[in-house]
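Chemist: The primary structure of each chain is shown beneath.
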Amino acid sequence: MKILVCISHVPDTTSKINFTEADTKFDTTGVQFVINPHDEYALTRAIWFKEKQGASITVVTVGNQSVEPTLRKCLAIGADDAIRVDAEPKEAFFVAEQLSAVVKQGAFDLVLAGRESLDYNGGMVPGFLAASLNYNFINACIGIEIEGNNATVTREIDGGSEILTTTLPLVVGGQKGLVEEKDLRIPNMRGIMMARKKPLNVVPAVDITPSSKTVSFEKPPLKSACKLIDANNVDELINLLHNEAKVI
Amino acid sequence: MSVLVFAETSEGRFKKIAFEATSYASKIAEMLQTNLVALSINASEPNQLSDYGAAKILNVKNAQLDNFNAKAYADVIKQAAESEGATVVIVDSSSNGLFLAPLVAYNLKAGLASNTVALPSSVAPFVVKRNAFSNKAFCFTELTTSVKVIGLAKNAFGVFENKVESSVEAFNPNLNETDFNITSKEVNKASGKVSIADADIVVSGGRGLKGPENWGMLEELAEVLGAATACSKPVADLDWRPHAEHVGQTGKPVAANLYIAIGISGAIQHLAGINASKVKVVINTDPEAPFFKAADYGIVGDAFEVVPQLVEKLKAFKQNNA
Chain A
1 MKILVCISHV PDTTSKINFT EADTKFDTTG VQFVINPHDE YALTRAIWFK EKQGASITVV
61 TVGNQSVEPT LRKCLAIGAD DAIRVDAEPK EAFFVAEQLS AVVKQGAFDL VLAGRESLDY
121 NGGMVPGFLA ASLNYNFINA CIGIEIEGNN ATVTREIDGG SEILTTTLPL VVGGQKGLVE
181 EKDLRIPNMR GIMMARKKPL NVVPAVDITP SSKTVSFEKP PLKSACKLID ANNVDELINL
241 LHNEAKVI
Chain W
249 MSVLVFAETS EGRFKKIAFE ATSYASKIAE MLQTNLVALS INASEPNQLS DYGAAKILNV
309 KNAQLDNFNA KAYADVIKQA AESEGATVVI VDSSSNGLFL APLVAYNLKA GLASNTVALP
369 SSVAPFVVKR NAFSNKAFCF TELTTSVKVI GLAKNAFGVF ENKVESSVEA FNPNLNETDF
429 NITSKEVNKA SGKVSIADAD IVVSGGRGLK GPENWGMLEE LAEVLGAATA CSKPVADLDW
489 RPHAEHVGQT GKPVAANLYI AIGISGAIQH LAGINASKVK VVINTDPEAP FFKAADYGIV
549 GDAFEVVPQL VEKLKAFKQN NA
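As given, the protein sequences belong to chains A and W, one line each in that order. Under the numbering used here, the first residue of the first sequence carries the number 1, and numbering increases by one thereafter. Under the numbering used here, the first residue of the second sequence carries the number 249, and numbering increases by one thereafter.
Simulated from the structure, these hints should not be mistaken for laboratory data. Every residue gets a Cβ at the ideal spot worked out from N, C-alpha and C, and that includes glycine. Just to be clear, a hint being listed does not mean it is correct.
For the chain W half of the interface with chain A, some residues (derived, Cβ under 10 Å), not all of them [stated by the list, open to error]:
(1) S342
(2) L348
(3) K357
(4) D446
(5) F539
Cβ-to-Cβ under 8 Å is the rule here; a few derived chain W residues that face chain A [to be verified]:
(6) S343
(7) V375
(8) L391
(9) T392
(10) I430
(11) K433
(12) L473
(13) A524
(14) V527
(15) I547
(16) V554
(17) Q557
So here's chain A without its partners, still in its complex pose (with noise of 0.2 Å):
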């Protein structure tokens, strides 16, 4: 089975989100970029296939150079090699059909993604990527199983999961529950020495208009002073949550 994981480079859950150049451009100063977390659950659902059934494991991203640490992570933590796409990754639909010129480049079977990305939490390219391949799609993976050709895949749904049943090739967007956090691998230095080692390719972008730009960023308004209100004046509690808030 050839995997390929598609990664995407994110600012940290705990990053500072500030505009630069009139609110057009996200300030990437003082960030630390990490694996997108969803991506993560993805490789390492990868991994796992690999080494209970046997499969190669691409990576792919599309953006500069200054991705390249989060695609040697991925190398690290047990991708055999990756793929770094050189565009600056404009919008959703743009990234999409990169990934599916790679997809069609190595004829990848499966093909992992998180279900959205942490920054721009768009939740578009897998689908998009599924659509221009016309392979099956699944969302919000939270298991998967294959055997042979078949994929045996729980999603989640509002309220629950459901299980399904479809065929190879297949793009999955998922998400936590693929494996869980116990699961995931920090890498340790024999991976890093590796990662070095391993072909990290650099493919030119493939011609494509964008669906959409980015105008601006805005940043929500200041939020108020949280209210306090004392511990034995529950009456007050729910005084404010009918006449001032309305939402009871």
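Following the hints, position chain W against chain A.
Modeler: Chain W alone, transformed into the frame defined by chain A:
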């Protein structure tokens, strides 16, 4: 030209978000000075959508579509959009809506704006405001394609009644065999419980509750309020509560009208997941807990004393306001 909204049903009945999406779509049709067409699949009472501004309602009746199937549903929406000449298509952000939206957009060669929280700030160019950075910022996105698809964020717009004269028409899409390459084997849903996704109010507990045996009062509070119960990540990791109740960045997102956090300190990953909720209440013994910075109302106090009181007082309140 028209605006098309997909109004989602569950077992034939419209979900609340279907009415929210229709209310939103009706305002967009007004902005574009065009008409609104609503599409439903196997709805038992499609004419309900006329209460929210849908003058023309297409209802698909097809037993093959009884179970949600993203590809098939996306195909139906695409065909309806084409036959109605829709230039804007609205879908919701339920788990099904999020699943099918990119498929609909791709098939229509349309740009997609997911997580949209408001009416377009302009229609030419077409610019919408979206949540980004886990609700720590908004992003204004211009869709540059001729057809646009909008994924309306949960609980972002509200439901507005706007009764209009309506006609319900049958719509018969051409379905392909390849639309059904994915088969549903089993659906597991907790019956009789309000799900976190559908809840207007969510009551959530953290490690401050000391153990799973203390969740009784939280469940009582949820029952009085008609709320869903949820928990913080450590609580799910300790197996005090099922993982399906874990809300936060890697858990379920919450966009409720009211979120009540009990014994939850408010780690940044937790707040990232619940920030889209409108009103936040925190009950915690530690006045320094970060949640107090994110909350609208707070009580510094022991949950074991405050929550039972709150349950009693709320019962009385509900009786008086029934």
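Chemist: Would you list, in rising numerical order, the hints stated earlier that this structure does not obey?
Modeler: Of the numbered hints, just 13 does not hold.
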